[in-house]
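Just so you know, the sequences run in chain order A and B. Heads up: take any position in the first sequence, counting from 1, add 1393, and you land on my numbering. Heads up: take any position in the second sequence, counting from 1, add 1393, and you land on my numbering.
Derived by calculation from the structure, the hints in this document are not laboratory data. Treat the hints with care, since some could be wrong.
Note: identical chains are not told apart, hence a pair may lie in one copy or across any two.
Stated by the list, open to error - Below 30 Å or equal to it, Euclidean Cα-Cα: the simulated DSSO-like pairs (lysine-lysine) are:
1. Lys-1722 / Lys-1683
2. Lys-1722 / Lys-1744
3. Lys-1760 / Lys-1471
4. Lys-1399 / Lys-1549
5. Lys-1553 / Lys-1563
6. Lys-1690 / Lys-1639
7. Lys-1720 / Lys-1744
8. Lys-1720 / Lys-1471
9. Lys-1563 / Lys-1549
10. Lys-1690 / Lys-1471
11. Lys-1563 / Lys-1690
12. Lys-1639 / Lys-1549
13. Lys-1600 / Lys-1683
14. Lys-1760 / Lys-1400
15. Lys-1553 / Lys-1744
16. Lys-1720 / Lys-1600
17. Lys-1600 / Lys-1471
There are 2 protein chains.
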Amino acid sequence: MFTLIKKEGNARRGRLETPHGVIETPVFMNVATCGAIKGGLSSRDLEEVGCQVMLSNTYHLHIRPGDALIHELGGLHKFTDWHRPILTDSGGFQVFSLAQLRRIKEEGVYFSSHVDGRHIFMGPEESMRIQSHLGSTIAMAFDECVENPAEYKYAKESCKRTARWLERCKTELARLNALPDTVNPGQMLFGINQGSTYEDLRIENMKEIAELDLDGYAIGGLAVGESAEEMYRIIEAVEPYMPTEKPRYLMGVGTPQNIIEAVHRGVDFFDCVMPSRNARHGNVFTWHGKMNIMNEKYAKDMRPLDEGCGCPACRHYSRAYIRHLIKAKEALGMRLAVLHNLWFYNELMQKIRDALDGGYFESFYNKYHDFLAERSTD
Amino acid sequence: MFTLIKKEGNARRGRLETPHGVIETPVFMNVATCGAIKGGLSSRDLEEVGCQVMLSNTYHLHIRPGDALIHELGGLHKFTDWHRPILTDSGGFQVFSLAQLRRIKEEGVYFSSHVDGRHIFMGPEESMRIQSHLGSTIAMAFDECVENPAEYKYAKESCKRTARWLERCKTELARLNALPDTVNPGQMLFGINQGSTYEDLRIENMKEIAELDLDGYAIGGLAVGESAEEMYRIIEAVEPYMPTEKPRYLMGVGTPQNIIEAVHRGVDFFDCVMPSRNARHGNVFTWHGKMNIMNEKYAKDMRPLDEGCGCPACRHYSRAYIRHLIKAKEALGMRLAVLHNLWFYNELMQKIRDALDGGYFESFYNKYHDFLAERSTD
Chain A
1394 MFTLIKKEGN
1404 ARRGRLETPH
1414 GVIETPVFMN
1424 VATCGAIKGG
1434 LSSRDLEEVG
1444 CQVMLSNTYH
1454 LHIRPGDALI
1464 HELGGLHKFT
1474 DWHRPILTDS
1484 GGFQVFSLAQ
1494 LRRIKEEGVY
1504 FSSHVDGRHI
1514 FMGPEESMRI
1524 QSHLGSTIAM
1534 AFDECVENPA
1544 EYKYAKESCK
1554 RTARWLERCK
1564 TELARLNALP
1574 DTVNPGQMLF
1584 GINQGSTYED
1594 LRIENMKEIA
1604 ELDLDGYAIG
1614 GLAVGESAEE
1624 MYRIIEAVEP
1634 YMPTEKPRYL
1644 MGVGTPQNII
1654 EAVHRGVDFF
1664 DCVMPSRNAR
1674 HGNVFTWHGK
1684 MNIMNEKYAK
1694 DMRPLDEGCG
1704 CPACRHYSRA
1714 YIRHLIKAKE
1724 ALGMRLAVLH
1734 NLWFYNELMQ
1744 KIRDALDGGY
1754 FESFYNKYHD
1764 FLAERSTD
Chain B
1394 MFTLIKKEGN
1404 ARRGRLETPH
1414 GVIETPVFMN
1424 VATCGAIKGG
1434 LSSRDLEEVG
1444 CQVMLSNTYH
1454 LHIRPGDALI
1464 HELGGLHKFT
1474 DWHRPILTDS
1484 GGFQVFSLAQ
1494 LRRIKEEGVY
1504 FSSHVDGRHI
1514 FMGPEESMRI
1524 QSHLGSTIAM
1534 AFDECVENPA
1544 EYKYAKESCK
1554 RTARWLERCK
1564 TELARLNALP
1574 DTVNPGQMLF
1584 GINQGSTYED
1594 LRIENMKEIA
1604 ELDLDGYAIG
1614 GLAVGESAEE
1624 MYRIIEAVEP
1634 YMPTEKPRYL
1644 MGVGTPQNII
1654 EAVHRGVDFF
1664 DCVMPSRNAR
1674 HGNVFTWHGK
1684 MNIMNEKYAK
1694 DMRPLDEGCG
1704 CPACRHYSRA
1714 YIRHLIKAKE
1724 ALGMRLAVLH
1734 NLWFYNELMQ
1744 KIRDALDGGY
1754 FESFYNKYHD
1764 FLAERSTD
């Protein structure tokens, strides 16, 4: 049940009630691909960095340890000891980006596992069954994510097929939710808008899937090769056709700047591997700009990454120490940088929600939307 | 200042007062090679797993980030934000095991860095200067650690040279501790007994170095190729010649069984990379025996690693989850296993101290000394 609490321009302050508790939006979901955040973070750490929603990957968990095993053990919440909301992607993105020997048919996709090469078939029903096994709070529809730039003809055919798959997802999940041994009988389903960078395809597709009255709608197939400006253009084109009373999720996005720009255009949910992936290379986000901690000038810098920050890394450890650890390939270096970056992302969303609550989002946006992309001079 | 509180047979319950607080013995030191425990543990984590003493490596920190930098930043305690005792090894062991193109002379050792191949010279004075820069609580004397089996003639020459080096260490550290900008003016020095597996060499060397009236004495050059029985034989031979009013440290040892056997023979201090190195491969220590969590039979086991254990891993996570994480090469898997193993080692030492305090060490030893080496059937 989604409640739109407040609007400022197109930006929205909302609240999604779920079987695993309330999600305050706009929200950034923290990516735990295989059931754990890269860098050695546990569900206790996620609580500490202010995470509201953990996102896990259907494809990875299907391959290893297997969704049947997780189902048998009581679902992903119990397996990871994370009891707040979990969103699972559909596996589609990984099937199209990671898997080998891929053949797309009306019924679904035939491919080989990237781990051991074994043949796998995944279609809408299979994706729903896996996600039902995992028992996530929100399941994502099985879609084809077309890389940009894409040919108009292919993009059109693909998004028509994805729309047909969506109806099958809805039917199958309703059936699964009614089974006596289902992990989460209240599992929600978000549909995914596709259509590459073609506004007419996007709008036509959005109108079509809006009629299915799903629990939420995602914009997929962005941040896959096109420029940020094209991405913003597509969001602006499709947004008027997204149901206002349903949450909107921009998949796989993005930088802090991308996020504030998309909130400004009416998006509620985000996810991205950037905070953990960047941390691995010493790239950290701060309220004085982006920093690469591997820079020689931080070698003797005993200040925390961000002096005002309350994260577990900044409360105790210095730039000099974290830099040393990453250089020495000590796991603690990446762990501290990831803790910091996720804290930063979650705090950014909190500040955005505060600004919307306080009615000053426009001035917050004006102050930060360019600044968030700048390098720190500190 | 070491106080021998109690004895039961040869086993000793003691207390070492240091500038960074009291160390209750017998104690296991937790190895943070480059200033962090492998597996992504921070100084906060070390507090949580009940660590009393952190052990860091002089050689590694000299190479990277450099001891001069750590000195400039206020010493290793400040750098790592660990404010309890730290012991630094002398660098000798790494020079003899890791470094390339090694030439041993009376003045010290010429070698190439294992990181970038640059030429380095390290002798007793250099080792003391580096450790003084780090400002550890306890510095170890610079020694040659001879691999077993060793030829009698070489072992004899080497341990005579190491004894000469020890005198130079003592003189140099006294000079460094008196400098106005020294990090820890109360830095202690432990000497190291050598002599390979030859009892006469060990005893002669021990008698000689005992006269230097150092803050503690280590038995070095064991657990480097010889059998456990040979190790116990050497401890038994040399122990009567170790000053009773000084702490005794068995370097680089060992398994839980090795530790309880050595406590039984009068040793107070231990260190080993085993709890973290084993964790990486899923080998964990429990009070129902050793387990390899990668075993198929744990794939669906939702129990904690050890049901009675209060460690951060066992409080929240299952065998099935930790096994999955290690298989999926997720850093969290190793982190949880290391947290558990260090907790186990620190708890083992606590139980040994409790047994000595309560006057029932002999029955504790009889109950556990063989059991600790067994595999779990759980």
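Results for each hint:
no.: 1; hint: Lys-1722 / Lys-1683; in the structure: both (21 Å within a copy, 29 Å between copies)
no.: 2; hint: Lys-1722 / Lys-1744; in the structure: neither (33 Å within a copy, 35 Å between copies)
no.: 3; hint: Lys-1760 / Lys-1471; in the structure: neither (42 Å within a copy, 37 Å between copies)
no.: 4; hint: Lys-1399 / Lys-1549; in the structure: neither (35 Å within a copy, 83 Å between copies)
no.: 5; hint: Lys-1553 / Lys-1563; in the structure: within (16 Å within a copy, 81 Å between copies)
no.: 6; hint: Lys-1690 / Lys-1639; in the structure: neither (47 Å within a copy, 45 Å between copies)
no.: 7; hint: Lys-1720 / Lys-1744; in the structure: neither (33 Å within a copy, 38 Å between copies)
no.: 8; hint: Lys-1720 / Lys-1471; in the structure: between (36 Å within a copy, 19 Å between copies)
no.: 9; hint: Lys-1563 / Lys-1549; in the structure: within (21 Å within a copy, 80 Å between copies)
no.: 10; hint: Lys-1690 / Lys-1471; in the structure: between (44 Å within a copy, 19 Å between copies)
no.: 11; hint: Lys-1563 / Lys-1690; in the structure: neither (54 Å within a copy, 37 Å between copies)
no.: 12; hint: Lys-1639 / Lys-1549; in the structure: within (25 Å within a copy, 81 Å between copies)
no.: 13; hint: Lys-1600 / Lys-1683; in the structure: neither (39 Å within a copy, 60 Å between copies)
no.: 14; hint: Lys-1760 / Lys-1400; in the structure: within (19 Å within a copy, 69 Å between copies)
no.: 15; hint: Lys-1553 / Lys-1744; in the structure: neither (38 Å within a copy, 67 Å between copies)
no.: 16; hint: Lys-1720 / Lys-1600; in the structure: neither (51 Å within a copy, 44 Å between copies)
no.: 17; hint: Lys-1600 / Lys-1471; in the structure: neither (37 Å within a copy, 60 Å between copies)
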